[in-house]
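Chemist: What follows is each chain in one-letter form.
4 protein chains.
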Amino acid sequence: MDFSIPDKIKSIIETIDTFVREEIQPLEEDFLTSPIEQTLPKLEEKRKKVKDLGLWSPHLPEEYEGMGLSLNEFAHVSETLGRSPLGHYAFNCQAPDVGNMEILLEHGTEEQKETYLRPLARGEIRSCFAMTEPEFAGSNPTHMASSAVKDGEDYVINGHKWFTSAADGSAFAITMAITNPDAEKIHHRASQIIVPTDTPGYELVRNIPVMGHTGEGYFSHGETRFTDCRVPQSNLLGEEGRGFAIAQERLGPGRIHHCMRWIGICERALELMCKYAVSRELSPGKPLASRQIIQAWIAESRAEINAARLLVLQAAWKIDKEGQYASRNEISIIKFFVAGVLQKVVDRAIQVHGGLGVTDYTPLAYWFRHERAARIYDGPDEVHKAVIARRILKEYGVQTSI
Amino acid sequence: MDFSIPDKIKSIIETIDTFVREEIQPLEEDFLTSPIEQTLPKLEEKRKKVKDLGLWSPHLPEEYEGMGLSLNEFAHVSETLGRSPLGHYAFNCQAPDVGNMEILLEHGTEEQKETYLRPLARGEIRSCFAMTEPEFAGSNPTHMASSAVKDGEDYVINGHKWFTSAADGSAFAITMAITNPDAEKIHHRASQIIVPTDTPGYELVRNIPVMGHTGEGYFSHGETRFTDCRVPQSNLLGEEGRGFAIAQERLGPGRIHHCMRWIGICERALELMCKYAVSRELSPGKPLASRQIIQAWIAESRAEINAARLLVLQAAWKIDKEGQYASRNEISIIKFFVAGVLQKVVDRAIQVHGGLGVTDYTPLAYWFRHERAARIYDGPDEVHKAVIARRILKEYGVQTSI
Amino acid sequence: MDFSIPDKIKSIIETIDTFVREEIQPLEEDFLTSPIEQTLPKLEEKRKKVKDLGLWSPHLPEEYEGMGLSLNEFAHVSETLGRSPLGHYAFNCQAPDVGNMEILLEHGTEEQKETYLRPLARGEIRSCFAMTEPEFAGSNPTHMASSAVKDGEDYVINGHKWFTSAADGSAFAITMAITNPDAEKIHHRASQIIVPTDTPGYELVRNIPVMGHTGEGYFSHGETRFTDCRVPQSNLLGEEGRGFAIAQERLGPGRIHHCMRWIGICERALELMCKYAVSRELSPGKPLASRQIIQAWIAESRAEINAARLLVLQAAWKIDKEGQYASRNEISIIKFFVAGVLQKVVDRAIQVHGGLGVTDYTPLAYWFRHERAARIYDGPDEVHKAVIARRILKEYGVQTSI
Amino acid sequence: MDFSIPDKIKSIIETIDTFVREEIQPLEEDFLTSPIEQTLPKLEEKRKKVKDLGLWSPHLPEEYEGMGLSLNEFAHVSETLGRSPLGHYAFNCQAPDVGNMEILLEHGTEEQKETYLRPLARGEIRSCFAMTEPEFAGSNPTHMASSAVKDGEDYVINGHKWFTSAADGSAFAITMAITNPDAEKIHHRASQIIVPTDTPGYELVRNIPVMGHTGEGYFSHGETRFTDCRVPQSNLLGEEGRGFAIAQERLGPGRIHHCMRWIGICERALELMCKYAVSRELSPGKPLASRQIIQAWIAESRAEINAARLLVLQAAWKIDKEGQYASRNEISIIKFFVAGVLQKVVDRAIQVHGGLGVTDYTPLAYWFRHERAARIYDGPDEVHKAVIARRILKEYGVQTSI
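So the protein lines, in turn, are chains A, B, C and D.
Here my numbering runs 1 ahead of the position in the first sequence, where the first position is 1.
Here my numbering runs 1 ahead of the position in the second sequence, where the first position is 1.
Here my numbering runs 1 ahead of the position in the third sequence, where the first position is 1.
Here my numbering runs 1 ahead of the position in the fourth sequence, where the first position is 1.
Only chain A is shown next, with the shape it has when bound in the complex (with noise of 0.2 angstroms):
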């Protein structure tokens, strides 16, 4: 076994950290406290700046202007960018613009690929990604409503979607839908399709009012619906009823993404907790961190975030070398390990922060609201549990439905 960092990922690491503490980080506080109208030019000259220094696109290969890093290097990288939440859409590796970026990379036509993939990867437009339906318990994704039936040279999408993030300021949304309603296996039903969002029938019916805000752009959740919606079949993503197994291979590596942006959100939640802990005085020259709970917790978050990092990366070297359908348990214990510290170690940080925990002039409120939903979505921590328990208890000789 061997736990070292190459060099050539620790520089990379630690020009993107120096990045972002003084040119992303100082965003915050009008991000945190403003419209985001006020944020959005400063930190589109950040954008300029980062494919300057040629850090655009760590995900990508160079041939789409990206850095070319594999999905172990990336994992780093995603750690490093998670300190800010503008970390990743500063360096164009924004969810879900990074996982469209993927699919299209993999399954994409040369057009499609030149439609769709070149002006995202150039950060030129940004795309979103319809999949849930609030009619349908999220944990289950097979189970959908939304059809695009063949009629002559198209699909007609009819269906009705939610928690479509970004979708308000999208080009187009990557749609799934069932084309193959008899297709024997539940699973092989659905597919995956181009929709312009420019496309008639196609519409952003509102953005989600999520934990007391609408939000706006990049920073919203959609309620779309499609209405006789018409796209050429051209537009289909890989083959037809592959719409499952394309979400699924992008699962590994987005998890690793966002686990790693997690740890990202816990290495600042916990230097934030550190440095308040020393320079609040309780009583002249008795600061905080002299109390026994507050080391406590320091150690403890201490402790989960290495734990949570070695089994995010150890889960990365899977992938990569046996494959997702082996690692499928890996992934699948990140999601509601990773997340089960995210959760411990943002509520420390501003317990210690008292009543400035709670205000907007630090980002731990932020995450505490909106990484609230990270044991939610791709599946509550519940349904993760279950079915990892099923695997391994079918080892042990017995089928156990979840």
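Fair warning: there could be bad hints in the mix.
No distinction is drawn between identical chains; accordingly, a pair holds when it is met within one copy or between any pair of copies.
What the hints assert, rightly or not - When the alpha-carbon atoms are kept at most 27 angstroms apart in a straight line, the in silico BS3-like pairs for lysine-lysine are as follows:
#1 Lys395 - Lys345
#2 Lys114 - Lys151
#3 Lys11 - Lys322
#4 Lys395 - Lys322
#5 Lys287 - Lys395
#6 Lys11 - Lys319
#7 Lys322 - Lys52
#8 Lys47 - Lys114
#9 Lys319 - Lys9
#10 Lys319 - Lys151
#11 Lys43 - Lys151
#12 Lys9 - Lys322
#13 Lys287 - Lys345
#14 Lys345 - Lys114
#15 Lys276 - Lys395
#16 Lys151 - Lys186
#17 Lys287 - Lys186
#18 Lys9 - Lys47
#19 Lys114 - Lys49
#20 Lys11 - Lys395
#21 Lys11 - Lys52
It is worth saying that the hints were derived from the structure and are not from the lab.
With chain A held as given, fit chains B, C and D onto it using these hints.
Modeler: Using the frame of chain A, we list chains B, C and D on its own:
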């Protein structure tokens, strides 16, 4: 021992419960997803209805057109109102006004009562309580820099405060300031002084951005500054140097109100959890409620809420019977115990709701955000625990500092 | 509501508390570190003293030379006795005899009372209750294979039981067996039958090794076997087919006893924790009690014990007032809530004691071992939670299976 | 990063795993339910087999007839042996002998090696390590009263020790005593001295009753007393005044052994949990494994064990690479993290087993009792957390005392 609730109170609770469900809860969606101006006029109508029904100001004596309930009786009412974020306001018993009314009632001169209490009691004005200072740890309220110096007939106040809840739009601020800096005992140094907000030198610097919102009007937390702010000495509440003593007296009943409000939130969250669990289907005919973990959360929530309520009612009974001093541990215990239950129950309710839980289509996300402070304000949990332990350990012969 | 304890009970508790501290606790060291034979004679002397003081059999009516306390009154006594692992035995109200006495009192014929209850009440014999079977999950008591078949004037019993507590040395076993296998309702099939342990066909197979000890005499858990074991039909308790109903009736009061005993353990553990914390020095003049985490554990234990006690007393009050059926949820809730508090408090007390905590120089390690079963017997926590939730969810219109 | 295990180690682990399952686990029932004398002769036979298979003393160099494994390699072996309470003893790498062998190997003179290490390595004798004193908090090992005073060629030792594990039957005790009371630095005062147990003045006062057992032979914890106990100065280990330094050096590898043993226990507990869950039926055809809470426990255990193992292996890797000093935080972190996982996993496994879980028919109850000390010995969790936090906070510019 007798755990029964008198029929009179049962009947009042029932009436109020029906009112909250039928008249107040329907306002929540607007309140949670629109600017507050949209909800305020409707809320004013409800306040009129409450008056007409004779349910106004349940905590005030009939002399002030209140219901004249005892602490214990009001505790039950406070739980019922807690079901909605708008409940207490609709019944004119919202913090901090409810506490300010109690202080004025107990310590105000006749003139102060006429000028400040009467309009508060009628709901014509609002008020705030300016104590916490950003430069000092909130866990030690005697730690304070604001001063009120006598000059002629006046006090001249200088100071800096924050988390002055509902300062925006308040007619006056009950302000804690050091009047007797040389008093031997540190808690004999401060006084409470009424400062009308139109006094020159009083400034609402800003509404503090809390959990993503700067808020406005009643629903805000102000940063306030007093610069050579001059008020007549007749604005002193009670005796000089008794500021902490008066605050202390207000603490016990205030804690009971708060904790019962939290229990009301818990009951609503549990109700929402159950309703959603029975209505959401995992697959046809199989509701979410069939899952064992959901069942465990419901049972645990039921147990914890029952336990929390008994602790609070017992504390209220003891305050009533043996006074606040004898009940200090009980008053501290409910602070952290009930706040802990609150956070757990709301968190579970969100998790049961999945994606819906983080939206503003239920009040859960609102409570998740705004009641995070429950473990912080009025002294963080950790301070309360140390204080309780210190008292217990004294019985074993040891003085320990916290 | 009235949380006060009547003076009469206060005075009884005080007397018993003093007796336990001065007469019973000094026997603990021997009990914990030597074979039980060494302690038994001394314990017999104490039992005589208890009789002389008029404190014998607090749960029995005066007709049976008991103290004639109500369920509520006995609850307080049970807590006080729970301070020592020897408390209940010294006062002749130890499980399972206490439950058996209650059954005989309520359902026994005059002859049964003379033969079995009188000597039990006098403490001349001991008894056991044979219900759980190793082949069936204890969480479903109606799941049972033992049978009692009528033959002439007799029942012929065949069956296999375990966790028959205190079987070793018992004069008789109240035995659950299926007498009416064809009854439509599963819980109308079994009966309770008195089986003297010298009946041919009755066999104590072994004492089960539990937590490192096979135990002996009263302090043991037996595996028992009934092979064509023949007893007269007059040994039937109550009506045929009413076995579960009688067990059920015994459940509520039994739960109150147990839970109050657990609370007594918690109080003793907290007392030991505090005593050790003030006496152990980390460095000269700096006791362990000065550490914030120790303080937090003391405060949390105090809060949780108070909450647990109120829940149990409220359940006892409700049983008394509205009967057991109406109080089913309360009876289930205290099972898992108090067991959880018990485990946490004992665990903390051990941790405070460091190495000493795992030795047998305090009763903490004994409770740690033997009260682990608290979360298991009479139905594991998880089953109780599901049962409670099912009842709550029924109010929301859904029947869920557990 | 590379998380793969070398084939050589995989193959050794497989062999040992098979041996433990087929040869050692079958001895457990006797070990758990009978006096130790019954198991010892069988265990000796197994030890012979282990030697014959070339698996003896995996931690020792080949020069001492060991397997010559590195710390990392032995870590994996230690996990495999941890599956059974008898595993390490059967392979001659049981604590405290394993640590004593390491000390002798590193610091012993040739003569000491011949006299003490050789017979230990061959398994002909046993030894103990006398450090902890009942009068001082174990959390601060430099706090010690035992002294060794030079007199002629000898040291004259006086002192009182407890928790001297396996003292009963040991041939010698490595004893910590103050030799340089005037050394400026407190951790330069003590030395390690070999004391043969037949030395006059050495006394095994008693075996301490721990968790219900006084234990005997290897399976015991002694209280020892040194009264004018005279040994030649040639029995000094390493240099005078270096006692703590040597203990410290032994700490890192010792921690790795222990933690991997705990992980072995966890793996066995999880295996037992799964096996029981699939075999126990709640009703015909519906195994316990179908319950969602059981499934959650299995998944959580899997996640936590994986995380714990990665932390330990990374610590071992870092010790190997950067030395113990640089790895202090990692060594402290695994102490409390793995001990916490251990307690949770064993507790869940017991709960899954219901009544069977508290019996001695599985090793779970043994571990529940005897591994409770994991959170206490070598410094309680709370001390480790404070120490870690202190180091972290130093980077933020503050020195905090623990």
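Chemist: May I ask which of the numbered hints given earlier this structure violates, with the numbers listed in increasing order?
Modeler: Violated hints (numbers, rising): 7, 10, 11, 14; every other hint is consistent with the structure.
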